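Novice: These are the residues of each chain, in order.
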Amino acid sequence: MSRPVPRRPQHHKINKDLFVLTYGALVAQLCKDHEKDEDVNKYLDKMGYSIGTRLVEDFLARTCVTRCHSYSEITDIIAQASSHRNQPQVLLILWKSQQVAFKMYLGVTPSVTCNNASRNEFSLILDKNPLSEFVEELPTGRSSLCYCNLLCGIIRGALEMVHLTADVTFLQDRLKGDTVTEIGIIFLKQPNEKKYRRRK
Amino acid sequence: MADTVLFEFLHTEMVAELWAPDPDRGPRAQKIGLSILESMGFRVGQALGERLPQETLGFREELDVLKFLCKDLWVAVFHKQMDSLHTDHQGTYVLQDNSFPLLVPIASGLQYMEEAPKFLAFTCGLLCGALSTLGFQSLVTASVTALPACKFQVVIQKPRGPVPSLKEAL
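Just so you know, the sequences run in chain order A and B.
Our numbering puts the first sequence at residues 1 to 200.
Our numbering puts the second sequence at residues 201 to 370.
Source of the hints: derived by calculation from the structure; they are not laboratory data.
Computed from a predicted model, the values in this text were never measured in an experiment.
Beta carbons: idealized from backbone N, C-alpha and C, even for Gly.
The reader is advised that the hints may include incorrect statements.
[To be verified] Partial list, computed: chain A residues near chain B (C-beta under 7 Å):
{"id": "1", "residue": "F19"}
{"id": "2", "residue": "T22"}
{"id": "3", "residue": "A25"}
{"id": "4", "residue": "L26"}
{"id": "5", "residue": "M47"}
{"id": "6", "residue": "R54"}
{"id": "7", "residue": "Y105"}
{"id": "8", "residue": "V108"}
The task is simple: from the sequences and hints, build the whole structure.
Specialist: Written out as structure tokens, the structure reads:
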């Protein structure tokens, strides 16, 4: 090279921006292809779902190595949790997992709140949403667009892979004028639910 | 690094969704799909190029720019350097990556060769867009001999004048 080039800090920044910029280009392309906001939201959710089903494996692989003695330990915990979904144990696991996952993949830590007494509705609240870092406002005529709907799909897909069915939607969105971005998670009872029997 | 994983998963979903939304429409639809992926890569490459350190934007020698792409940009985006760079010193460059991260999860060897181009279209656009911000108009194509190795051929068209900002380009 004819001159020295600066290294680490710029690399990290470019890498961080790559995902956010690519996501923006994707949303723009989907908006071109589909006139209705509902269709764009649907595709983003569907793509997020596919990503979530695979991302959870990556997440478990990364966190298990440092936190658990064996992979079977965490799967046992999650399997037990999915059969006792109203227990405080579930809250603790999910709360920690969601926070760790958001920090790991997006660099932000959401706060988690429980929305109802039966303890099956939660919210993830993000002060700053990294996905919409370069977005000032929604395009005109796209007021129902859930720009970050990929996130809802990812969460839904990840939860399904650990046998937890949930409805995940945006309750508040900074791009629509709210003060924070809030993702609501409602756990749904599975039909014909059987109690999980732990194999000895 | 976790960010890389997110991008790789997103890229896979984009290819699945945008490459050929209607399989019955045949090769023409596939070509359109490839050019959509390439144009998305171009937009991202341009935007990434604008975020590069100021010193790099002062490159005027073609070879320096290509070396920068092979080393710094590739490391920032794919966490590895390009494995080799060849040129005929007349504006054509061949960048070879023996283990391209977006092809690694697909296959190793000669299996799924016909699927490979759609996984390279976005990156071709990315290179083209980054070069555009650095002041060079180019044509980028990719070829695969055996997964996960691939080659990107960059043909510099001619140096442009002052680079317009992304806003003006849109």
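Novice: All hints are to be evaluated individually against the structure, with a verdict given for each.
Specialist: Hint by hint, here is what the structure shows:
no.: 1; hint: F19; in the structure: holds (5 Å)
no.: 2; hint: T22; in the structure: holds (5 Å)
no.: 3; hint: A25; in the structure: holds (4 Å)
no.: 4; hint: L26; in the structure: holds (6 Å)
no.: 5; hint: M47; in the structure: holds (4 Å)
no.: 6; hint: R54; in the structure: holds (6 Å)
no.: 7; hint: Y105; in the structure: holds (5 Å)
no.: 8; hint: V108; in the structure: violated (12 Å)
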